[in-house]
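Colleague: Spelled out, the chains give:
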Amino acid sequence: MIETVTSIALPADETLFIRRHRIEPEKKSGSEKRISIVTGIHGDELEGQYVCCELARRIMQKRENLRGIVDIYPALNPLGIDSITRGIPAFDLDMNRLFPGCQDGNMTEYLASRVVQALAGSAVVLDIHASNIFLTEIPQIRVNELHERELVPLAKETGVDFIWVHGANTVLESTLAYSLNSTGTPTLVVEMGVGMRITKSYGEQLVDGILHLMNRLGLWEGETAAVRRPIISKDPDDVVYLNAATGGIFVPDVKHWECLHKGEKIGQIIDPLTGTVLNEVIAPVDGILFTIREYPVVDEGSLIGRLLCKKACGDRWEEK
Amino acid sequence: MKKVIIYEIKGLYRDHFRVTGYEFGEGKEAVCIVGSMRGNEVQQLYCCARIVRKLKQMEEAGKLAAGYKILVIPCVNPYSVNTQKRFWPVDNTDINRMFPGYRLGETTQRIADGVFQVISKYRFGIQFTSFYMPGEFMPHVRMMSTGFEDQELAKQFGMPYVVLRQVRPYDTTTLNYNWQIWETQAFSMYTTVTTRVDKKSAGEAIRGILTFLNKQGILDYHGHDGYHSCVVRDVDMVSVRTGKAGLFDPLVEVGAEVEQGQVLARILDAYEGEVMEELRAPVDGIVFFMHGEPLTYSNTAVFKLVVREE
Ligand SMILES: [Zn+2]
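Protein sequence lines correspond, in order, to chains A and B.
If you're matching positions, the first sequence starts at 1 in my numbering and goes up one per residue.
If you're matching positions, the second sequence starts at 1001 in my numbering and goes up one per residue.
Because the hints were derived from the structure by calculation, they are not lab data.
Remember, predicted model here, so these are calculated numbers, not experimental data.
Quick reminder that beta carbons are idealized off the backbone N, C-alpha and C, glycines included.
Be careful, since some hints might not be right.
[What the hints assert, rightly or not] Label pairs and their computed distance ranges (CB to CB):
1. A:Glu-145 with B:Trp-1182: 20 to 28 Å
2. B:Val-1235 with A:Gly-121: 26 to 34 Å
3. B:Arg-1103 with A:Gly-121: 51 to 59 Å
Please construct the entire structure, taking both the sequences and the accompanying hints into account.
Modeller: Structure (structure tokens):
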């Protein structure tokens, strides 16, 4: 059933809708748990589009296995998705800095408050992001340390490769996940792939994971694929940031999610005008590259990658 | 006057990115004035350009007090000004959401850090800034209520209003907030507009700053003292919101005294021209902020009124 969660009239003969796809069991008991899958807060992140579609398809195919309610919200920022805009067009605002929103606030705050209202009370919410157009991420879940105890056990069942528990940060208090987590609705933030693209294999991996999580929560019966055991990192020292030493064009030499040794070459920053290499990007420690730069143009300081130190990788570390 | 490079990074195909400052006088770091930080902040740039010219003349005429240094940075983000983009050209981040900055971080964090290292040494910090919504303001000085703010000082500018802003989570990465946390007395100066030049309100802001510097004994300036500033808290202002989306047809101007029940604007159907909604003043007040675009969405705060006390 397609439902309109909220709508608002725009100036020139158009209504903005935020819609969801609600899938319910054939026979309802009236006390079903509910899982909500949301994506598209950032209009340039599209990895979640495939997940929404594939999850609905697989559930509809074996609907007799469904024991709970599945709500799928593929586009929290429909104007952004349609106009290749990360934020909310016209407002130049990051929608994920508006939560919990406000019923009496402006249009964007109003929409945010209606979204929170619709999601509150879910057994679990997955908010699927796709990094941005600059970086590719291995499928991972990011958890604010304030909510670690509730969220890490859920995140472990989703089949992602990595769970990153990070420090609290005032600015993040206006995200959807923070708003929901701090009011008792467990919300997992998934980051995977890259902006403006769809990585089908990551989508399949996450759909398997969501069905597995649903099974663990009693929302789905029957077979689910075996899921990966994620690496869990809680220590800020586990993650090493690689920032560009100079502006230029970054050309990678390694693949994403590769085990690298200290001193190994990750790539080069080149200057096409002079035909020279400006900087060699070298792994500063042994580790797995879980974030790598996708967009070649870099300024000094641009993020090129993130390495997860070998000691944090456990049995996911494989010698080449 | 001494022209100095505050921060610089190498460009690939563009000229070096430079944050340029103008120093006047020698001695203790007294006042830092910052202009445009976003690419559309043209009025902010213009105000600083006029201040640089004025201070240069005053320095030559011996009107600066000994022992103080004044720093003016007309623009923290020339790359965005020159491409007419509001935020950082490559990644669309806002430098004014990156303070206090991080030396080893991403580009705009590095710029914020490089600039903040220099300007956080100053006793007073004045930033010409802009609002996230397009519109016109009554000229005012704004301070964040961090607990360190001093509203008596803010009154020395003699601007019509001093606004105390309640701190929101996203404010904690702005220059104004971090200045205060690092013990600079910080003021945001709002003139009427952002994307175009308004000479009159620029002149008023410049007079305000020179008056302030005079009262602090930093320079010798004798203009008129301006206004007895009225201090208001942003949370006490009354917003008037649209219920409908359409063409915005204002019937009053910024600064107007309005009465409860007076029609402030009409929202017209964008296709048929019919009046869809009349927006009335809910209180006796003064129009402090007004929406600046010909179209409006619904639920938009198109007016902010300062309540008139009897
Ligand atoms: Zn995102």
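Colleague: Let me make sure I understand: some of the numbered hints might not hold for this structure. Which ones are they, in numerical order?
Modeller: Structure breaks hint 3 only.
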